[in-house]
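Here's the letter readout for the chains.
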Amino acid sequence: MDILIAAILTIITAATPLLFAALGELITEKSGVLNLGVEGMMIMGAIIGFLTVNQTGSVTLAILASMLAGILTATVFGILVLVFHASQVPTGLALTIFGLGLSALIGQSMIGVAYEGIPKLAIPVISSIPILGDILFNQDILVYLSIFMVFVVYWFVNSSRPGLILRAVGDSHDAAHAMGYSVIKIRFLAILFGGAMAGIGGGYLSLAYSPLWVEGMTAGRGWIALALVVFASWKVGRVFMGAYLFGGITILQLHAQAIGIGIPPQVMSMLPYLATIIVLVLISSDRTKIKLNAPASLGKPFHESR
Amino acid sequence: MIKKTLSIIAFAASLTATGIASAETKVGFVYVGPIGDHGWSYQHNQGRLAVEKELGVKTTYVESVKEGADAERVIRKLAADGNDIIFTTSFGYMNPTNKVAKKFPNVKFEHATGYKRGKNVSTYSGRFYEGRTLLGTIAGKMTKTNTIGYVASFPIPEVIRGINATIIAARKVNPDVKIKVVWVSTWFDPGKEGDAAKALIDQGADIIMQHTDSPAPLQVAEKRGVWAFGQASDMKAFAPKAHLTAIIDDWAPYYVERVKAAMDGTWESKDTWDGFKTGMVVMAPLSEDIPEDVRKMVKEQEKMIIDGTLHSFQGPIKNQKGEIVVKEGETMSDKDLAGMNWYVEGVDGTIPK
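Here the protein sequences line up with chains A and B, keeping their order. If you read the first sequence in my numbering, its first letter stands for residue 3, the second for the next number, and so on. If you read the second sequence in my numbering, its first letter stands for residue 5, the second for the next number, and so on.
This is chain B alone, in the form it adopts within the complex (with noise of 0.2 Å):
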C-alpha cells in the first residue's frame, strides 16, 4: 500500500516536472505568407513542428504578417506574451525585430535572411546557392538548346548570386550552355511568372528556373513538354514530368538546436549562414528522368560541397567582359557573396538597375 501510494506521488511529482518544463520555454514564429503557402512560409512551419515534437515545447505562430508596422505590432505581441525565443522570418522584418528586441532585453530573437544583429539578436539564412550549383550540373547536361530560362524577381544579391552559382556550374559541364533571364519584378504573380517561362521557352529555352514563389512556371513547363525546377518546397505535383528535382528550405534542424540552446541557457547571439552540410538546404528527389550518371555526378557534387573540397563559386571566375574576377584556386568570400550585384561569364544581358 504505503509503495503504491509513493508510486502514484513520484508518477505525480514527474506529471508536474514535466508541466513545469514546458511551461517554462514558450517559442513564437512570425511568417509573412499563409502557412499553406507551399513554399517559404509552408518551410518554416515545417521547422516549427519539429520543434514542438522534438522538445515538447509550446509554440504559438502568426501568419500572412505584412512586413512593417503591423510586423512590430505583432511581434512585440508575442514577446509581451512571454515567449521565450521568437522567430521573425522575413527579410522585412528586420528593423521591427530589433526594435522590439531592444525593448525585451531577456527575450531572445532570431530574424531569418537579415544582417541587423544585436545582444539578444541572431540572423540565420540558407546558402541556397549550393542548390543552385546541383541544378546547374543537371541543366547544364540536360539541355539540347543549351538555353537555360531564369523566372527572376528583383535584381538583388540573392537572386544574383543563384544565376551566377548555375551559370558557373552549368558551364563546367557544358561550355556552349548560355542562361537567358526574364525580370518580373515581382515574387508572387503566376500569371506574369507563367508569361515570362512561355517567352522563354518560345525562344528556346528547354530548360526553366525561377526564383519567384508560384508553381506557374513549372506548370507552363509542364504543357511544353520542357523540363524545370521547383523552388523552396517540392513542387512535383503542379508538374510531375517536367519537375527534376527541387531546393528544400529545411529549417527544421536549425529550429531545434537554437530553441534547446535558449533552454539550455548556452544561447548568444550569433549569425548562421548554413546550406548542405547542417541540412538547410535539401534537395528534393532527383527525377528518373536524369541520365543516371548525372544523377551520380549530383550526389557526388553534394557530397563535395558538404565536406568543404568543391565550392559554388570557385575560381576562376569571369565576369561578362571576360575579365577575371576571383582567381584560380581561390574562392568567393562571404562578404563578397553577400553583396553580390554583377553577372559572371555566359549570363545573358544585363542586370536592371
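The following block holds chain A by itself, in its conformation from the complex (with noise of 0.2 Å):
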C-alpha cells in the first residue's frame, strides 16, 4: 500500500509538466496553429524560473517569470507564423532549437546551483484524511493550478462563447474572417497562451520536479506533450487522462525494474509515441472522428487577402 501511494505521488509530479504543456498547446492547436515549439518554450520557462527563484527567493515571482518567458518565447512564433506567414512546422522546430541554446546560454550561472525546491501547500483539516489525503491536498501549488486549469480549458472550449470562437477560427478561417472575427489576433491570443502552460511546465521542472539547472533538463518532454494532444485527439479530458497515463508507464516501469520485473527499458521509453502513433491510426481509418475533434484548419496559413 505505501509503495502505491508512493507511486502515485511520483505519477503526479511526471504528469504536471506534461499536463501544463499539453493544454497549453490544445489551445494553440484548437486555434489552427500547429507549434512544434513546445520543447523551447519550456525550457526559457525553466531557465527564466530558476534564474527568478535564485536571485529574489519568491516562488510566486517565479512562476510568473516562467510565464513570461513562454510567452515572450512564443511571440517570436507568433510574429513570424501570423505576421510574416512563415511556415509553422519548420518555425516550431526552430523555436525548440533556439529555446535549447538560448537557455544554455542564459543558464550559464546557474549551473551547480542548488534550490530546495518549492514548499508543499497542505490544505489544513483535508490533507490528515489517510492514504487519500497526501494524494490529493498536500501538493505544490502548481499541481493544484495544473488541475485548476483542466477544468478553465474544459470550460472555455466547450462552454464559453470565446471558445467557440476559437475553435470557429481553427476549423475554417476563411468562415471565421468572413463573420468578421480577426483570425490573426485570435491566433495570436492562443499562441501566447500555449506559451505561457509550456512556460509554467517548463518552469515546474526546474523549481519542483528536479529543483536544480542544467542544459537541456526538458529531455524530450515538451515532444511528449505535443503527442499527448494527439492522442487525446483534441480533447481536454482525454488530455488530462493521458497526461496521467504517460508519466504513469514512465514510473510504473521504473517500479516494476526495481521490485526485478523484466520489461526492457527502451520498449517504456518508446510507449507514448507508440500510442500516438497507434491513436493516429485509429482515427485516421474514421474520418468522421477526427471531424468531430480535429481542427479542420491545423497547421493551414491564413492570408486576409484570399
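Careful: at least some of the hints might be erroneous.
Distance condition first, Cα-Cα at most 30 Å in a straight line; then the derived DSBU-like pairs of lysine-lysine [to be verified]:
#	chain 1	residue 1	chain 2	residue 2
1	B	Lys274	B	Lys300
2	B	Lys307	B	Lys281
3	B	Lys227	B	Lys184
4	A	Lys302	A	Lys122
5	A	Lys122	B	Lys245
6	B	Lys245	B	Lys227
7	A	Lys122	B	Lys227
8	B	Lys182	B	Lys148
9	B	Lys182	B	Lys227
10	B	Lys281	A	Lys122
11	B	Lys240	A	Lys122
12	B	Lys281	B	Lys120
Because the hints were derived from the structure by calculation, they are not lab data.
Since each chain comes alone in its own frame, lean on the hints to assemble the complex.
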C-alpha cells in the first residue's frame, strides 16, 4: 500500500509538466496553429524560473517569470507565422532549437546552484485524511494549478463563447474571417496562451520536479506533450488522462524494474509515442471522428487577401 | 653601462626564448558537454587548466561538440590550426579522431575511453570501478535495509562493471546486502533520474548510487533522508547531508604528463587505464556521517588497491546463478573487465538486452 501511494505521488509530479504544456498546446492547435516549439518554450520557462527564484527567493515571482518566458518565446513564433507567414512546422522546430541554445547561454551562471524546491501546500484538515489526504491535498501549488487549469480549459473550449469562436477559427479561418472575427488576433492569443502554459510546465521542472538547472533538462518532455495532444484527439479530458497515463507508464516501469520485473526499459520509453501512432491510425481510419475533434485548418496559413 | 646593456640583451633574449617555447607547443581539447556541466566535461577542463598552469603552453578547447559528423570537423580544424597534441574526450569521438589522425600524421591524438589506436593515436581511461569498490564498502556498512539502489544509464560494460564492483565489495562487509538496479536509458534526464531514485527508495533502498550525470538522484536522497554518492565530481552542494563521498575523475596528472612527453619528443602511442595509483581516480572527502571505523577501512582499502594487494575483481567471484567465474586467488584480466556483460551474485534482476 505504501509503495502504491509513493508511486502515485511520483506519477503526479511526472504528469504535471506534461499536463501544463499539453493544455497550452491544445488551445494553440484548436485555433488552427501547430506550434512544434513546445520544448523550446518549456526550457525557457525552466531557466528563467530557476534564475528568478535564485535571485529573488520568491516562488510566486519565479512562476510568473516562467510564464512570461514562455509567452515571450511564443511571441517570436507568433510574429513569424502570423505576421510574416512563415511555415509553422519549420518555425516551430527552429523555436525548439533556439530555446535550447538560448537557455543554455542564459543558464551558464546557474550550473551547480542548488535549490530545495518549492514547498508543499497542505490544505488544512483534509490533508490529514489517511491515504487520500496525502495524494490529493498535500501537493505544491503548481499541481493544484494544473488541475484547476484542466477545468478552466475544459469550460473554455466546450462551454464558453470565446471558446466557440476559437474553434471556429481553427476549423475554418475563412468562414470565421467572413463573419468578422480577427483570425490573426485570436490565433496570436492562442499561441501566447500555449507559451504561458509551456513556460509554467518548464518552470515546474526546474522549481519542483528536479530543482536545479542543467542544459537541456526538459529532455524531450515538450515532444511528449505534443504527442499527448494528438493522443487525446484534441479533447481536454483525454489530455488530462493521457498526461497521467504517460507519466504513469514511466514511473511504473521504474518501479517494475526495482521489484525485478524484467520489462526492457527501452520499450517503456517508446510507449507514449507508440500509443500516439496507434491513436493516429485509429482516428484516420474513421473520418467522422477526426471531423469531430481535429481542427480542420490545423497548420494551414491564413492570408486575409484570399 | 656595458654591463647594463648586456643584461638587457640577455633579458630580452630570455624573453624571446620563452616566447618561442610557448609558441612551439599548442594543445587542443574537444568536450562533449559544456565545461560547466559539473561532471564529465568539467573535470576534463580542470585537466586542461592544469596543463596551462604547469607547462605554460597555449591550449584551446571546443565545448558541447556532438558525437558524429560535427566532431570530425572540429577535430580537423584543431589539427589544421597547428595544435601539436589534441585530446578528444568522449567515446563517440573514436572514429572521427582516427580518421583525422590519418590525415595529420605529425599531430598527436589522445582519445578518452576508446579502444582504437594508431601510430599517432593513444587511448586512455580511468578505472572508476576502483572507486565503486570503496563506495560498495561504505554502502554495505551503512545500509540498514540491506538494499542499495542503483540508478544506471545504459547496459554497457563500463556501467555493469561499476555495479558488480559495488556489490562485490558490499557483500564482503555485509553478506546480506543486495542491490536493486533501475535503468533509465539516458545519461542525462534529471527528472527521470530523480524518479528512478524515488522508486528505489520506495522499494526500500536507503543508499542511492548512480551512473548517470545529473545531481537529481542526490537531491531526492537529501529530501527523503537517505544516503547517496556523487558522480564524476564532488556534488556535495546539491545534498549537504546525503552526500557521503564521490568518485572524482582527475585527468590533470595524465594530461600534464602526455603534453610534456609531446614537448620532449618522447610521446608514443599507448593505452592507459589508470586508477587510484596514478591519481586518475580520486575520492571526494569522506562525510563525517560515515562511522570512524568505516572511514579507516575505506582509507586502508584505497591504500591496498594502490599497492596492488587488493583488486576490485578478486576471486572467488560468482555469477547470478552461483557458479564460480573467477577462482580463488585469481583476478579478472583487463580484457575480461573491458567486455564485462554479466552480473555477479547479489544483483537483483537481469541486464536489459
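What hints, given by number in increasing order, does this structure fail? 1, 4, 10
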